[in-house]
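There are 4 protein chains.
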Amino acid sequence: MPKEAIRTALKVDLKAPAPSQPGLHNRWHPDIPTVGKIVPGEAVKIECIDWTGGQIKNDDSADDVKNVDLSCVHFLSGPFEIEGAEPGDVLVVEIQDVQPFQEQPWGFTAVFDKKNGGGFLDEHYPQAAKAIWDFEGIYCSSRHIPHVRFPGLIHPGIMGCAPSPEILAEWNRREGELVAASGHLDRVVANLPEPHGVHAGSASGDLAAKIGREGARTIPGRPEHGGNCDIKNLSRGSKTYLPVHVPGAKFSVGDLHFSQGDGEISFCGAIEMAGVITFKFGLMKGGIAELDMKSPIFLPGPVQPQFGPGRMLTFEGFSVDEQGKQHYMDATVAYRQTCLRVFEYLKRYGYSGEQIYLLLSCAPVEGHVAGIVDIPNACTTMGIPMDIFDFDISPGAPATKLDMGSCALTSDRK
Amino acid sequence: MPKEAIRTALKVDLKAPAPSQPGLHNRWHPDIPTVGKIVPGEAVKIECIDWTGGQIKNDDSADDVKNVDLSCVHFLSGPFEIEGAEPGDVLVVEIQDVQPFQEQPWGFTAVFDKKNGGGFLDEHYPQAAKAIWDFEGIYCSSRHIPHVRFPGLIHPGIMGCAPSPEILAEWNRREGELVAASGHLDRVVANLPEPHGVHAGSASGDLAAKIGREGARTIPGRPEHGGNCDIKNLSRGSKTYLPVHVPGAKFSVGDLHFSQGDGEISFCGAIEMAGVITFKFGLMKGGIAELDMKSPIFLPGPVQPQFGPGRMLTFEGFSVDEQGKQHYMDATVAYRQTCLRVFEYLKRYGYSGEQIYLLLSCAPVEGHVAGIVDIPNACTTMGIPMDIFDFDISPGAPATKLDMGSCALTSDRK
Amino acid sequence: MPKEAIRTALKVDLKAPAPSQPGLHNRWHPDIPTVGKIVPGEAVKIECIDWTGGQIKNDDSADDVKNVDLSCVHFLSGPFEIEGAEPGDVLVVEIQDVQPFQEQPWGFTAVFDKKNGGGFLDEHYPQAAKAIWDFEGIYCSSRHIPHVRFPGLIHPGIMGCAPSPEILAEWNRREGELVAASGHLDRVVANLPEPHGVHAGSASGDLAAKIGREGARTIPGRPEHGGNCDIKNLSRGSKTYLPVHVPGAKFSVGDLHFSQGDGEISFCGAIEMAGVITFKFGLMKGGIAELDMKSPIFLPGPVQPQFGPGRMLTFEGFSVDEQGKQHYMDATVAYRQTCLRVFEYLKRYGYSGEQIYLLLSCAPVEGHVAGIVDIPNACTTMGIPMDIFDFDISPGAPATKLDMGSCALTSDRK
Amino acid sequence: MPKEAIRTALKVDLKAPAPSQPGLHNRWHPDIPTVGKIVPGEAVKIECIDWTGGQIKNDDSADDVKNVDLSCVHFLSGPFEIEGAEPGDVLVVEIQDVQPFQEQPWGFTAVFDKKNGGGFLDEHYPQAAKAIWDFEGIYCSSRHIPHVRFPGLIHPGIMGCAPSPEILAEWNRREGELVAASGHLDRVVANLPEPHGVHAGSASGDLAAKIGREGARTIPGRPEHGGNCDIKNLSRGSKTYLPVHVPGAKFSVGDLHFSQGDGEISFCGAIEMAGVITFKFGLMKGGIAELDMKSPIFLPGPVQPQFGPGRMLTFEGFSVDEQGKQHYMDATVAYRQTCLRVFEYLKRYGYSGEQIYLLLSCAPVEGHVAGIVDIPNACTTMGIPMDIFDFDISPGAPATKLDMGSCALTSDRK
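Sequence lines, in order, name chains C, V, L and Y. Take the first sequence: its position 204, counting from 1, is numbered 206 in the working numbering, and each next residue is one higher. Take the second sequence: its position 289, counting from 1, is numbered 291 in the working numbering, and each next residue is one higher. Take the third sequence: its position 130, counting from 1, is numbered 132 in the working numbering, and each next residue is one higher. Take the fourth sequence: its position 208, counting from 1, is numbered 210 in the working numbering, and each next residue is one higher.
Since the hints were made in silico from the structure, they are not lab data. A hint or two may mislead.
A pair counts as met if it fits within one copy or between any two copies, since identical chains are not told apart.
As the list claims (entries may be wrong) - Derived lysine-lysine pairs resembling DSBU-like cross-links, with alpha carbons at most 35 angstroms apart: (1) K403 with K5; (2) K287 with K117; (3) K349 with K17; (4) K17 with K212; (5) K17 with K287; (6) K327 with K59; (7) K212 with K349; (8) K287 with K59.
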């Protein structure tokens with residue numbers, strides 16, 4: 003017998019304010035009411051808005067980025083009850099497709115202001131910037147970063163099941179301790195529960211207030227459930243194994259990315275978009291114990307962009323910082339150095355630092371932990387697919403400065 | 003006209019003591035005498051002994067590992083004068099092949115004792131262990147880690163040109179400062195120049211003594227020249243661009259690996275071997291300025307093992323440590339957690355912790371910096387090629403404990 | 003400035019009879035009126051119906067296949083005028099995406115009756131059969147061929163520019179000669195112009211009659227323009243270079259395939275579907291002379307399904323036929339033998355011959371001309387991705403017969 | 003316990019005449035004496051001379067090619083008894099490595115004279131030509147075909163077990179019938195048993211004479227055992243399943259290729275070399291029945307050169323021949339047309355026809371049967387990896403004629 007068309011388990015309204023839509027929420031909390039039930043084995047579509055809830059516009063100014071309200075991110079679709087899921091089970095999440103909305107074929111990548119969000123290189127690039135990407139089928143290109151075009155490795159930045167009360171308490175404890183211990187630092191090290199900006203789905207009154215007081219922010223991924231892990235390879239055809247901590251699993255998804263590079267270095271660094279994701283869920287009863295699982299695991303899908311290893315120009319970085327200070331086995335410092343090496347290389351073609359920052363955040367670059375034992379230097383690498391440029395960036399070819407225009411900047415810099 | 007066979011620019015003697023061979027050296031110093039001249043465009047073979055100079059034996063005890071003398075590592079072949087190379091140039095190093103010696107078709111992977119070398123997981127596995135790998139063409143397997151077999155991604159752990167005096171001084175300064183600042187830590191954070199164990203090639207007398215006093219240890223890779231970067235993808239067919247800092251470049255190579263995983267987590271973690279590497283060198287005059295190069299860059303070769311993305315079982319880790327402490331954006335902590343997740347998974351099949359530690363160090367696992375901006379959690383991943391096992395390790399297949407024997411342990415543990 | 007959404011250059015009506023839609027046509031002729039103009043550089047969507055015009059239903063009987071009217075195939079969308087294109091130019095066709103209609107997420111693969119269409123193995127499987135494939139994102143599966151699931155390598159079977167009158171005359175001459183010389187054979191060797199069933203787009207009266215009399219059938223691909231070449235790799239991201247023979251190019255497209263194997267052996271062998279294709283066109287003025295082009299060339303796209311070479315179980319075949327007759331260097335005979343070897347292998351799991359016939363036609367199998375010089379035996383191979391099965395088909399694993407149900411057969415066979 | 007080094011089961015002498023070496027033979031016959039025994043599970047090396055027995059020299063004249071004696075090809079190493087193998091078994095042949103001899107780091111590709119060997123395009127290029135390839139690790143390049151360099155997909159052209167008397171008789175019957183039926187053709191269609199030039203290994207006297215009278219020539223691959231199938235993907239790491247027809251299997255190997263393109267179009271078209279192949283054998287008892295095997299099957303290895311699908315410039319060909327004659331579904335004609343399209347394209351850069359003929363024969367080009375059902379036109383494709391050229395051959399780049407020198411020609415053409 004013919005199958006029916008795939009049902010849409012949640013529709014969003016791109017024109018309505020995000021906080022007004024009860025199928026969305028922006029905190030992790032076991033008590034956020036479910037928005038529907040999904041049966042294992044059933045294929046379903048779920049619509050998502052972009053993570054900021056439409057705050058960033060398709061224009062040529064980064065003022066919206068500079069002034070973005072981060073208290074209300076990320077807007078997630080869900081939570082969904084998965085029929086039969088119980089604590090201790092593993093939810094098997096197969097992503098069958100991810101697509102932007104046909105009527106909104108664009109996305110954005112942004113560098114946040116150092117004082118409002120920041121990013122991996124905010125000491126170097128403290129001011130807001132933005133690139134708009136136009137989608138043409140599998141490809142994207144940007145009027146703000148010329149001479150580049152690439153196929154997206156499309157994926158959700160965030161998938162996860164709701165934490166149990168115990169796990170939520172643990173998150174708030176350990177992140178609170180970090181914040182408490184970091185008061186001397188001139189930066190936000192973690193975002194603790196924040197009633198302002200909370201969207202608790204269809205909850206209201208006391209429950210909404212409780213969720214605002216207790217609900218974990220969605221910004222970090224966390225080992226117990228995944229969440230905002232921002233792994234670019236969770237793309238079409240992938241299968242992710244997520245631990246279940248509450249009855250019904252309460253699965254949520256959001257933060258769709260048309261493309262992202264390893265590290266997503268500018269924080270709002272993927273090509274952020276609204277769109278539709280198609281899932282098929284499975285259940286592995288008692289799977290947490292069976293797999294001895296503490297964090298999610300996954301199998302990537304079979305249709306990733308392939309460039310050939312010899313087409314990946316690769317840069318090395320070590321844990322010696324910009325001031326010449328030697329750090330001990332610090333892969334974070336090493337990866338920042340690796341990034342800076344690419345900046346120096348690509349500036350030779352006329353790109354501005356902000357353009358490169360945006361590009362390395364969202365293009366399908368490969369960031370590896372190469373060596374993590376040769377004391378005191380961690381070594382990391384970043385591979386750039388040379389074929390995303392329409393000119394030859396190989397080291398043997400001459401480097402000519404081209405007219406690279408400008409990415410979107412704030413109005414005070416124009 | 004027919005070409006002549008490829009000449010061997012340096013031969014080693016696997017039976018003679020390493021310190022007696024003037025074509026070898028184990029420190030970085032601009033004054034180590036060259037052992038020969040190579041013309042750009044010429045293909046040459048260079049023989050290398052294993053990095054320890056033959057200290058580790060093909061047997062079933064890890065006592066040699068426990069007592070290894072690390073003051074004399076790594077034994078490198080060279081330095082070679084590259085004709086025409088001057089400071090400011092870039093040396094283009096094409097690796098045309100790497101092969102083990104036919105008469106010594108085996109290598110070793112070791113876990114060092116925490117008090118003598120240590121490793122990435124020495125808090126968990128503080129005692130020495132070892133696996134011997136037998137080579138059969140492109141494949142290797144080990145009597146110490148059953149049910150595993152994989153093709154090698156063969157490469158040199160170390161390539162580099164000699165530092166200038168100024169660069170050497172900078173290395174010694176910054177690593178000295180780290181040591182000075184870390185006196186309170188219960189571990190060696192860096193190895194400063196050490197006259198004991200020095201092998202200065204053909205230098206003797208005052209020059210050898212000077213090299214002993216000043217010469218940088220070869221253990222870390224360093225941004226200015228590469229060195230022990232331990233990048234598994236510098237394999238057959240790769241092309242590396244190395245900065246030249248002294249007249250003639252003074253290029254050295256060593257630490258050949260039959261295979262290595264991203265991170266090389268057990269420190270002596272690759273499949274260490276003696277062998278022959280074939281190079282062709284090119285020169286990019288003035289290339290450092292032209293490429294604005296601060297650290298080496300490279301293009302991988304076209305013949306890496308291919309498993310298909312859907313065959314890579316991938317684990318996630320975050321910067322929350324084993325004690326539940328939240329670290330701020332620490333990719334090193336995250337990568338350690340990622341590794342530990344694989345341990346938990348693979349133990350279900352009967353492997354011991356040490357066996358897994360050895361395996362993840364040397365098998366072609368892929369370690370990625372997935373997200374480095376979602377405060378406070380860095381997220382890293384490790385992908386394991388499922389096809390290196392002769393049983394099904396996919397999450398959907400049942401996990402049965404197999405007889406996994408034992409890796410080589412120290413005599414007090416047997 | 004924001005870009006506008008991609009316009010749809012042609013809409014089809016899945017519910018209206020195909021012959022009633024003036025944007026479709028089913029013959030190649032230079033005088034078929036254009037249905038719109040497209041500007042080089044513009045991205046456009048073009049809707050297509052399935053090649054039979056909706057004759058095949060989503061049900062469990064192959065009677066529709068047996069009785070299919072082939073006089074009216076293939077229904078193509080177009081022809082489109084490409085602004086500025088002139089004879090001698092090369093039309094550069096970038097496929098940016100291909101998608102099934104969301105409201106019709108299924109396709110069909112069929113074996114034609116030997117007396118009405120036939121196929122590559124119609125001596126072995128002379129009766130009609132059918133499989134319906136359900137689409138779930140990038141994947142498809144069929145209730146008629148259990149235990150199989152794979153990602154589509156989605157593509158159009160047919161793309162081409164209209165022939166000039168001279169080229170059309172040449173086609174009719176040479177195919178007519180073949181038919182004339184083959185009268186003794188008990189099979190249709192080519193389809194000559196056929197007024198019955200013709201759909202000449204918006205042409206009517208004398209022009210429609212002329213097109214019926216002269217218009218080339220769309221069944222074969224032809225060297226001068228491509229047409230129905232059925233190359234599975236003309237998928238998302240590919241770039242095809244097509245010769246232009248008439249002013250405005252008169253480009254047409256159709257016969258969309260969700261997936262196809264090399265050879266498309268059952269004739270209606272791809273997963274045939276209706277859908278939407280997104281193009282961007284470019285023009286290479288005078289390109290035919292510049293490229294010395296006699297037939298189309300192309301670059302595949304970067305997002306093909308990847309299985310890893312070691313996961314492709316590969317079968318060999320030679321030009322000795324089923325009766326033991328030795329043919330001289332006949333790659334067609336060899337490829338048929340190669341196919342038959344796969345049938346024998348897969349029947350061991352319980353699949354019927356018709357199921358295998360359907361499967362090899364549409365799954366992403368790789369068919370190679372391995373050796374074409376070792377007289378008298380041509381050798382061809384067919385590689386089957388083992389990962390499309392949910393059980394282990396490797397030669398080392400035991401072969402157990404499973405309940406494979408049945409594909410759709412004709413009512414007289416049930 | 004340490005394993006011993008891999009033993010060499012057969013050594014050859016590159017300086018002695020091939021017919022004088024009893025470990026070689028050049029016919030298929032069940033009675034050729036074995037040259038040694040190999041135990042399943044044992045890794046062994048087998049040395050091979052080049053297929054012509056050293057007739058072709060590393061020089062700049064093709065006279066040796068023109069006058070080559072083909073009555074004595076191919077010189078194979080073996081046959082080897084595989085312990086325990088019986089008729090009905092399947093021999094599992096894992097190729098662990100293939101290497102040229104270090105002291106002979108070169109190979110040759112040749113176009114035979116139409117009157118002495120011929121080839122796929124001998125109507126177009128009837129005269130002998132030659133290219134010498136120098137090996138530098140995984141790469142090869144030729145002074146006879148400038149601006150090209152590529153990694154080899156190294157493999158044996160021939161592997162097979164001896165035929166039973168019944169199978170041998172069948173070969174001679176069917177090939178004899180072809181010869182008998184082809185007397186009107188102006189070409190050799192098959193090579194029947196030929197006493198002249200026979201080398202029956204260690205057999206002598208009556209046995210040698212019998213082998214000369216009855217022994218099948220090694221030129222064609224044959225379905226019952228594989229033999230000279232010339233499949234480029236039987237490279238390092240591959241696993242081939244060969245039917246066993248006589249007690250002990252009597253396995254032979256030879257015709258080593260540093261590289262070959264699909265089709266091996268110039269007949270002596272691979273990069274022919276002498277060298278060493280490393281095997282590990284397995285036995286599947288009763289495997290022929292279990293696998294229902296009529297011809298060999300194989301799994302390719304995991305280390306093939308990877309170029310990325312978007313780097314393969316692909317040409318199309320159809321079964322309309324050079325005279326404009328329409329053939330019915332003839333994949334051989336189509337593949338010849340496909341080849342000719344590449345000739346036309348590459349000539350634009352200054353290559354001669356013979357240079358292109360040699361290059362397409364031996365470079366890792368991919369030849370596919372694209373469509374084999376669209377009557378009357380078979381469609382085949384050939385993909386050329388663009389990255390083997392040191393200039394840009396993409397259609398968008400300008401085509402400039404370069405100084406391409408000349409391949410080796412016969413002395414009368416210089």
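Next on the checklist: With identical chains, the pair K327 and K59 could be close in the same copy or across copies; at 35 angstroms between alpha carbons, which is it: within, between, both, or neither?
Outcome noted: Neither, since 40 angstroms and 39 angstroms both go past 35 angstroms.
Item to check | Identical-chain pair category, K287 with K59, by Cα at 35 angstroms | outcome: neither (44 angstroms within a copy, 39 angstroms between copies)
Checklist entry - Taking 35 angstroms as the upper bound on the Cα-Cα distance, should K287 and K117 be classified as within, between, both, or neither? => result Classified as neither: same-chain Cα gap 45 angstroms, cross-chain 44 angstroms, threshold 35 angstroms.
Item to check | Within, between, both or neither: K17, K212 at alpha-carbon 35 angstroms | outcome: within (29 angstroms within a copy, 53 angstroms between copies)
Item to check | Intra/inter-copy verdict for K212 and K349 if alpha-carbon distance must be at most 35 angstroms | outcome: neither (49 angstroms within a copy, 41 angstroms between copies)
Checklist entry - Under a CA distance limit of 35 angstroms, which applies to K403 and K5: within one copy, between copies, both, or neither? => result Classified as between: cross-chain Cα gap 27 angstroms, same-chain 56 angstroms, threshold 35 angstroms.
Checklist entry - Given a CA cutoff of 35 angstroms, do K349 and K17 count as a within-copy pair, a between-copy pair, both, or neither? => result neither (39 angstroms within a copy, 51 angstroms between copies)
Checklist entry - At most 35 angstroms between C-alpha atoms: does K17 with K287 qualify within a copy, between copies, both, or neither? => result neither (40 angstroms within a copy, 45 angstroms between copies)
Hints 2, 3, 5, 6, 7 and 8, counting from the list given before, are not met by this structure.
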